[in-house]
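Asks: One-letter residues, chain by chain:
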Amino acid sequence: MSGTGIGARVLRKEDFRFITGKGQFTDDVNRYGQAHAVFLRSPHAHAEILGIKLDAARAMPGVIDIFTGDDLAADKIGGLICGWMIHSKDGTPMKAGAHPALAQGKVRYVGDHVAVIIAETQAQARDAMERIVVDYKVLKPGVSMADAVKSGAPVLHEVAPDNTVYNWALGDEAATQAAFAKAAHVTKLDLVNNRLVPNPMEPRAAVGDWDSGQDAFTLYTTSQNPHVARLVLSAFIGIAPEHKLRVIAPDVGGGFGSKIFIYAEETVCVWAAKKIGRPVKWVADRTEAFLSDAHGRDHVTHAEMALDASGKILGLRVKTQANLGAYLSTFSSSVPTYLYAPLLSGQYDIPAIYVEVDGLYTNTAPVDAYRGAGRPEATFVIERMVEVAAREVKQDPAEFRRRNFVRQFPHQTPVIMCYDAGDYDAALTKALEMSDYKNIGARKAESAKKGLLRGIGFSAYIEACGIAPSAAVGSLGAGVGLWESAEVRVNPVGTVEILTGSHSHGQGHETTFAQLVSERLGISIDNVSIVHGDTDKVQMGMGTYGSRSGAVGMSAISKALDKIEAKAKKVAGFVLEASPDDIEFKDGKFSVRGTDKEIDFASVALQAYIAHKFNGQELEPGLKESAFWDPTNFTFPAGVHICELEIDPATGVTRIDRWTAVDDFGNVINPMIVEGQVHGGIAQGVGQALLEGAVYDSSGQLVTASYMDYSMPRAGDLPSYDVGMTQTACPSNPLGIKGCGEAGAIAAPPAVMNAITDAIGHEGIAMPATPLALWRAIQKTAPRAAAE
Amino acid sequence: MASVTLNVNGKSVTRGVDARTLLVEFLREHMRLTGTHVGCDTTQCGCCTVHVNGEAMKSCTLLAVAVDGATITTIEGLAKGQDLHPMQAAFREHHGLQCGFCTPGMIMSAVDMVRRKGTDLDDKTIREELEGNICRCTGYHNIVKAIHYGAEAMGKTGTAAE
Amino acid sequence: MAMTMTGEVALSASRETVWVKLNDPAVLKACIPGCETLDKTSDTGFSAVVKLKIGPVSATFKGSVELSDLDPPNGYRISGQGEGGVAGFAKGGATVRLLPPAEGNDGCILSYDVEANVGGKIAQLGARLIDGVAKKTADQFFNNFAEAVKAG
Ligand code: FES
Ligand code: FES
Chain A
1 MSGTGIGARV LRKEDFRFIT GKGQFTDDVN RYGQAHAVFL RSPHAHAEIL
51 GIKLDAARAM PGVIDIFTGD DLAADKIGGL ICGWMIHSKD GTPMKAGAHP
101 ALAQGKVRYV GDHVAVIIAE TQAQARDAME RIVVDYKVLK PGVSMADAVK
151 SGAPVLHEVA PDNTVYNWAL GDEAATQAAF AKAAHVTKLD LVNNRLVPNP
201 MEPRAAVGDW DSGQDAFTLY TTSQNPHVAR LVLSAFIGIA PEHKLRVIAP
251 DVGGGFGSKI FIYAEETVCV WAAKKIGRPV KWVADRTEAF LSDAHGRDHV
301 THAEMALDAS GKILGLRVKT QANLGAYLST FSSSVPTYLY APLLSGQYDI
351 PAIYVEVDGL YTNTAPVDAY RGAGRPEATF VIERMVEVAA REVKQDPAEF
401 RRRNFVRQFP HQTPVIMCYD AGDYDAALTK ALEMSDYKNI GARKAESAKK
451 GLLRGIGFSA YIEACGIAPS AAVGSLGAGV GLWESAEVRV NPVGTVEILT
501 GSHSHGQGHE TTFAQLVSER LGISIDNVSI VHGDTDKVQM GMGTYGSRSG
551 AVGMSAISKA LDKIEAKAKK VAGFVLEASP DDIEFKDGKF SVRGTDKEID
601 FASVALQAYI AHKFNGQELE PGLKESAFWD PTNFTFPAGV HICELEIDPA
651 TGVTRIDRWT AVDDFGNVIN PMIVEGQVHG GIAQGVGQAL LEGAVYDSSG
701 QLVTASYMDY SMPRAGDLPS YDVGMTQTAC PSNPLGIKGC GEAGAIAAPP
751 AVMNAITDAI GHEGIAMPAT PLALWRAIQK TAPRAAAE
Chain B
1 MASVTLNVNG KSVTRGVDAR TLLVEFLREH MRLTGTHVGC DTTQCGCCTV
51 HVNGEAMKSC TLLAVAVDGA TITTIEGLAK GQDLHPMQAA FREHHGLQCG
101 FCTPGMIMSA VDMVRRKGTD LDDKTIREEL EGNICRCTGY HNIVKAIHYG
151 AEAMGKTGTA AE
Chain C
1 MAMTMTGEVA LSASRETVWV KLNDPAVLKA CIPGCETLDK TSDTGFSAVV
51 KLKIGPVSAT FKGSVELSDL DPPNGYRISG QGEGGVAGFA KGGATVRLLP
101 PAEGNDGCIL SYDVEANVGG KIAQLGARLI DGVAKKTADQ FFNNFAEAVK
151 AG
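Protein chains in written order, with the numbering used here: chain A, 1 to 788; chain B, 1 to 162; chain C, 1 to 152.
There could be a bad hint or two in this list.
Stated by the list, open to error - Pairwise CB distance ranges (calculated):
| no. | chain 1 | residue 1 | chain 2 | residue 2 | range |
| --- | --- | --- | --- | --- | --- |
| 1 | A | K53 | C | A10 | 57 to 67 Å |
| 2 | C | E36 | A | T92 | 33 to 43 Å |
| 3 | A | E120 | C | N23 | 46 to 56 Å |
Claimed, not checked - Examples of chain C residues toward chain A, derived with CB under 10 Å:
| no. | residue |
| --- | --- |
| 4 | K51 |
| 5 | K53 |
| 6 | G84 |
| 7 | G85 |
| 8 | F89 |
| 9 | I122 |
Claimed, not checked - Subject to a maximum C-alpha distance of 30 Å in a straight line, what follows is the list of computed DSS-like cross-link-like pairs (lysine-lysine):
| no. | chain 1 | residue 1 | chain 2 | residue 2 |
| --- | --- | --- | --- | --- |
| 10 | C | K62 | A | K106 |
| 11 | A | K53 | C | K150 |
| 12 | B | K124 | A | K438 |
By construction, these hints were calculated from the structure, which means they are not laboratory data. Idealized CB from N, CA, C, for every residue including glycine.
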């Protein structure tokens, strides 16, 4: 068929509006009569609120109203929730402290919400905010995890007197111990997965609106999953019943996980719209985004790996402390547990694994999913371990990996996951070739001549995507099912609208989803439009995260298209006077098998609606079908990334020279878009390894709260990428798709750190490996390269 | 209140504004030209880049009164009707955008880069010149490519000389 | 964000004279950089308004100043705290000691031991600048004070 089907490098349909400045982001939405909200935030990491004086602020020009936690409580507005129940080893449920949208009596991190000021303009609201006087009784904060678990540490939530949310474990402890008992060699490593701020370029924003005639609310918000937002705002927070609350997520400027969650600000805006009888708009500035967007990562880990004499991995033991911040954000509890530990087997056949994770409260912003969510942390552990193990037993890191690869599929790991399909050798072989690994020695010598340290690092990652099936995640504690929905509406003229519960915030669904329809129905993508992000249009959906839109979202569309095809065959049967069983559908035409009688798709659509050729008892008029898709397994994208870099020992400055990525994403809908996802993911992973880090000082002040102090990767920090692919189709969905959105961010950090430690000759460097940190690390030990 | 007169995308406009109104606020709120975005509060992301008298500037750090009388081009004024500017076309052609939030600023910076550095831009120059623009989605690979080809196309179509 | 600093200045007057000045609100007000008002609220307490600029953030802090550990004429502790609204908060103190002059000199030596703490927007946006500003502010205060002593 035309060049717009599956596998075609189709240019994006959504681009026109973005390159001409016509995108509609939440901050571009303006409602008649809208007022502006700003939030007064705590300057203290931990304090009791003894009193709030609002009079002077209320008297300021333009002020409409000011609300505090008491006002929300008086209206019985519930707190924010964490939707994934985790049980500790001893069977007790996790200890979730109350999380009011506006503080009640206590603030627990710098940036915590104390009051909302609503005024005619944002500037007036800010001016009034200056006049609010809060009487704080400052408490000692527990800022680092080490501080939070010390005896006598300040307690954040009474439900968790030791600041511990859970002590969780996965795997077989006895079997793992037995594996270590017979080990010929044990590799041990302490690792820190640095805290990150997601930083989508569009800051969060919300516009709440209330229709007094219908007592119904509309919320425009920067969300990756507007339906989940509606569900939580209705069922748990109690803003309004679902049929009285419409949530619209228009164009969203990147999310990377941080826009999955339901935050205080949108809750307050939609509630306040009714309180003041006017639309209420809030837009975060970047500093607020740093303070109050959920952060990512922040693990401290000790890991041990048992090897036999030949270098075969016998067992893995991991102990991790995970910082969950001051409150449990929407999915935070699952990230360091079920999204982390089940991936610790990596691409390797490891007979025994035991993982313990302590989730901790600290006086810092909540920590939740950030691109990859748990899987980058797991990959960092296993890929650093494997690299170091190979070094210790003096084997080539590529061959060491190959020796331990899983080769038989399906493969049941000792930590829940059952890998369904893959070919890890193929990806490694291709990556070695693309990166010209065999000549690395010569390139290192060349660099050494210039006084530079060259290193090469591998990362053979695997991830579990799709974040489904519902029954599986339900058994692990998820509060929701993780299927996806689709509706296909064929118009009488044969154009098609797809309603999807997935949400695009940069992924290009308007193009890739249309490609699927184009392929299946034989129509041009110009005749397909994708409708998403509006709970009044799309009935229900679970949104976009965890690389799930292709594998789960498109599978739902595919299933609905099956139904469309079946129905259309019946219509064609009446028109062509043949049994539907004899109707064939190919290249957009229905024909009667063995004859030259045929009718095109658009004509069948028209016939379905004019309904002249059949009576309504035999066949319902119209052509519209819907489907829910719930897969039978996660999907398992995997691949090999190789980073090659040069470090100047005089300055500690790292320059990435080559980046090779070979990924197996299963079947690919649009290679151009997939490559773009890989590029973006790698950039975030390199950012984590070399540049980024959220830093709180000992009093709990976030000292990296702007782009002056938080180092975002810029064009000059990054290389161009060499991207290749291998393909094994995913057996658990009809399209064979695995998902590609997180791969780069998962693969990149260990690849960079393995390359850096290769270059400097020891493991004593943590992320971010800034020039200063590297320069210091280089002073500490004579580099291996120089010593040899 | 201060009176500000600007020529925005070829049209002269005069508005009375609060003296502290930033150029970006003038464009977004008074003119409803919402293609110019705000991504930070410390003049570092470049999402707000527009052309002031032909030069790329960050509109989040300019007071509207300070540029009284200037000629402003925003992303909305770059295309000639339905005909995309070659730099816009190149961003689409080379997949130089994902979420599209940084894109208006990127394109406005890229056009200015061609004015200053010519139509034959190598990767290194482009990456250095993008110092003031942050993109969180694309990893820059395709933006660099798009600017390279966009610059070349500006040379061929004579747009660069305008 | 916390920081500490210590220093010494040689003063031209005797400890007794300096001690009086150290307890004189008018002198303190003139010497504290950015101090707009300093009103006595008790024998050892003052309410104060101080304007401070750190990098991109400037704010007016309203708060209190307290003198304690009074040991005339050997020294005292001066501490203060202020809320700067959206800009955040600042608090800190100094242990001030008046020492006899070095052999053969007149006057006395004033030594100080300052610790300061800021939070909120000033910490978020001005983190890299705070050490410098704090040091400069302390230097300014003690230089002003030395001038005031010289002027009698
Ligand atoms: S908004 Fe102007 S540089 Fe970020
Ligand atoms: S395309 Fe999303 S920030 Fe650049």
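Asks: Which hints from the list above does the structure break, by number from lowest to highest?
Replies: 1, 2, 4, 5, 11
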